[in-house]
Amino acid sequence: MSCDNNNNIDQTIRNLCGDLKPMECVNPMRRALLWILLVVTYTTAVALTIGLRENIIEAMNREEYIFELALAFATGIAASLMTFWLTIPDCERYKKFIAVPVTLLSVQVFWMLDRLFFEGMGDIRENWLSHCWMNTLLHTTLPAIAVILLVRKGATVMPCALASFAVLAVSEFGWIGMRLVCPKDNVGEAYFLNFLPYVIIGIVAGFAAKKLFRW
Amino acid sequence: MPLEQDEKELKWKLLASRAQKGDAAAYRDLLTGIVPLIRRAVTKSLPSPDLVDDVVQEVLISVHKALHTYDPDRPFLPWLMAIVSFRRTDFLRQHYASQKNRQVSIETVDVPDYLNGGESEASFKDIEEALESLPEKQKRVVELLKIEGYSTKEVSEKTGLSESAVKVTMHRALQKLKEKLA
Numbered sequence: 000m001s002c003d004n005n006n007n008i009d010q011t012i013r014n015l016c017g018d019l020k021p022m023e024c025v026n027p028m029r030r031a032l033l034w035i036l037l038v039v040t041y042t043t044a045v046a047l048t049i050g051l052r053e054n055i056i057e058a059m060n061r062e063e064y065i066f067e068l069a070l071a072f073a074t075g076i077a078a079s080l081m082t083f084w085l086t087i088p089d090c091e092r093y094k095k096f097i098a099v100p101v102t103l104l105s106v107q108v109f110w111m112l113d114r115l116f117f118e119g120m121g122d123i124r125e126n127w128l129s130h131c132w133m134n135t136l137l138h139t140t141l142p143a144i145a146v147i148l149l150v151r152k153g154a155t156v157m158p159c160a161l162a163s164f165a166v167l168a169v170s171e172f173g174w175i176g177m178r179l180v181c182p183k184d185n186v187g188e189a190y191f192l193n194f195l196p197y198v199i200i201g202i203v204a205g206f207a208a209k210k211l212f213r214w
Numbered sequence: 000m001p002l003e004q005d006e007k008e009l010k011w012k013l014l015a016s017r018a019q020k021g022d023a024a025a026y027r028d029l030l031t032g033i034v035p036l037i038r039r040a041v042t043k044s045l046p047s048p049d050l051v052d053d054v055v056q057e058v059l060i061s062v063h064k065a066l067h068t069y070d071p072d073r074p075f076l077p078w079l080m081a082i083v084s085f086r087r088t089d090f091l092r093q094h095y096a097s098q099k100n101r102q103v104s105i106e107t108v109d110v111p112d113y114l115n116g117g118e119s120e121a122s123f124k125d126i127e128e129a130l131e132s133l134p135e136k137q138k139r140v141v142e143l144l145k146i147e148g149y150s151t152k153e154v155s156e157k158t159g160l161s162e163s164a165v166k167v168t169m170h171r172a173l174q175k176l177k178e179k180l181a
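First to last, the protein sequences are chains A and B.
Residue 148 in numbering that gives the first Met the number 0 sits at position 149 of the first sequence; the count goes up by one each step and never skips.
Residue 174 in numbering that gives the first Met the number 0 sits at position 175 of the second sequence; the count goes up by one each step and never skips.
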């Protein structure tokens, strides 16, 4: 080891010490709860602004509708927690929890395939691009920006996994919002049309994750 | 964990906690203390010893940037090692992304002199003997694949064995050679 290299490291340490300021510790759980509170409030507000679906009372009496919403909510909560847990370097201890959102998502996919098999795609409206996707954008833009800003305050060592769970969390809450405003429950609209944008966003986010969450 | 390691862990935990409150002296002690550990952790996996100090510095900067994510109630080492591993992988990815780092100069390759030197002659004899002792099929596959340099597909065509059978035969032959030469 040369003297020069030692000097460089000593110089780096001196610079870092000079740059030190008192700091507040990041609590990933607190940030996750803050984000969940924000997104639940926002989704409710957007759904009320756009207007709840006209058949909401009838839908609320259907077990499968409640099951789908509850499943999406549970997946969203689990994915949100996982997202924020992955924002700290020693996230190893939380890795076993990955199974929870992944299992919930698998149940959701299985449920969708089951419905697709027995019910088919159903009717899809012609104005889906201006209608459904615009509402989807409205539901998800702010939560997505909020999650990026909050996550960037951390220091992740698993940017791709983090991006996947962040997309999943945003998707699930956005999807719940869509199910509250969109009167159509067929597989074609409820799953393919309302989920497709998230799949695209997810793929893009996966590629951008390393740059987006660089620190 | 050995006692000495336990003491270091406790010390670093305390120093990190004080550093988070803005104690520059504790921070300097912490950074100086972890340098040998980081150096040890990265040395083996880097292609050249000249790069070690670059990675050490990057890790130190990362520790600085991520200090607010350390929870003083948790052990310090897993937190630090996660950063070390992340930065090392990042560094290697960038390093090998550059085309010139994938090329190795012929002068830097240390080729042993097999032709002159009694010891290597003896080793050759051992290998030949071990090869001779293999069953005919395994011997043929080793010769074609490793000595004559044919591909698995070509060996498969020459021997009439399937490609996966060639691979299995090769694997078994190597196991036997390893046992004989051990």
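What the hints contain is simulated information worked out from the structure, not anything from laboratory work.
Please note: incorrect hints may appear among the correct ones.
[What the hints assert, rightly or not] With beta-carbon atoms standing in for the labels, derived distance ranges: (1) B:Glu178 with A:Asp9: 47 to 55 angstroms; (2) A:Ile56 with B:Arg92: 27 to 35 angstroms; (3) B:Glu131 with A:Gly205: 50 to 58 angstroms; (4) B:Lys64 with A:Ala44: 34 to 42 angstroms.
[As the list claims (entries may be wrong)] Some chain A residues near chain B, calculated using beta-carbon distances under 10 angstroms: (5) Thr11; (6) Arg13; (7) Gly17; (8) Pro21; (9) Asn26; (10) Glu53; (11) Asn54; (12) Ile55; (13) Ile56; (14) Glu91; (15) Arg92; (16) His130; (17) Ala154; (18) Lys209.
Glycine residues also receive a C-beta, built at the ideal position from the N, C-alpha and C atoms.
Consistency of the hints with the structure:
1. At about 52 angstroms, the beta-carbon gap between Glu178 of chain B and Asp9 of chain A stays in the expected band of 47 to 55 angstroms.
2. Taking 27 to 35 angstroms as the suggested C-beta distance range, the pair Ile56 of chain A and Arg92 of chain B does not conform, at roughly 55 angstroms.
3. Distance hint check: the CB atoms of Glu131 of chain B and Gly205 of chain A are about 54 angstroms apart, consistent with the given range 50 to 58 angstroms.
4. At roughly 35 angstroms, the beta-carbon separation of Lys64 of chain B and Ala44 of chain A lies within the given 34 to 42 angstroms, and the hint holds.
5. With 10 angstroms as the threshold, the beta carbon of Thr11 of chain A comes within range of chain B, its nearest partner Cβ sitting at about 5 angstroms, so the hint holds.
6. A least Cβ separation of about 8 angstroms between Arg13 of chain A and chain B falls short of the 10 angstroms threshold, and the interface hint therefore holds.
7. Annotation: interface hint on Gly17 of chain A holds; nearest CB of chain B at approximately 8 angstroms, less than 10 angstroms.
8. The beta carbon of Pro21 of chain A comes within 4 angstroms of a beta carbon in chain B, closer than 10 angstroms, and the hint placing it at the interface holds.
9. Satisfaction of the interface hint for Asn26 of chain A is found here, the shortest Cβ-Cβ separation to chain B being roughly 8 angstroms, below the 10 angstroms cut-off.
10. The restraint placing Glu53 of chain A at the interface with chain B is violated, with a minimum CB-CB distance near 47 angstroms, outside the 10 angstroms limit.
11. The interface hint given for Asn54 of chain A is violated, since its Cβ lies 47 angstroms from the closest Cβ of chain B, which is over the 10 angstroms cut-off.
12. Of the supplied interface hints, the one on Ile55 of chain A is violated, with its beta-carbon coming no nearer than about 42 angstroms to a beta-carbon of chain B, more than 10 angstroms.
13. Because the beta carbon of Ile56 of chain A sits about 46 angstroms from the nearest beta carbon in chain B, more than 10 angstroms, this interface hint is broken.
14. Residue-level restraint check for Glu91 of chain A holds (minimum Cβ-Cβ distance to chain B is 6 angstroms; threshold 10 angstroms).
15. The closest approach between the C-beta of Arg92 of chain A and any C-beta of chain B is roughly 8 angstroms, which is under the 10 angstroms cut-off, so the hint is satisfied.
16. Hint status for His130 of chain A relative to chain B: violated, with the closest Cβ pair at about 42 angstroms, above 10 angstroms.
17. Satisfaction of the interface hint for Ala154 of chain A is found here, the shortest Cβ-Cβ separation to chain B being roughly 4 angstroms, below the 10 angstroms cut-off.
18. Among the interface hints, the one on Lys209 of chain A holds; its C-beta lies about 9 angstroms from the nearest C-beta in chain B, closer than the 10 angstroms criterion.
This entry does not satisfy hints 2, 10, 11, 12, 13, 16, going by the numbered hints stated previously.
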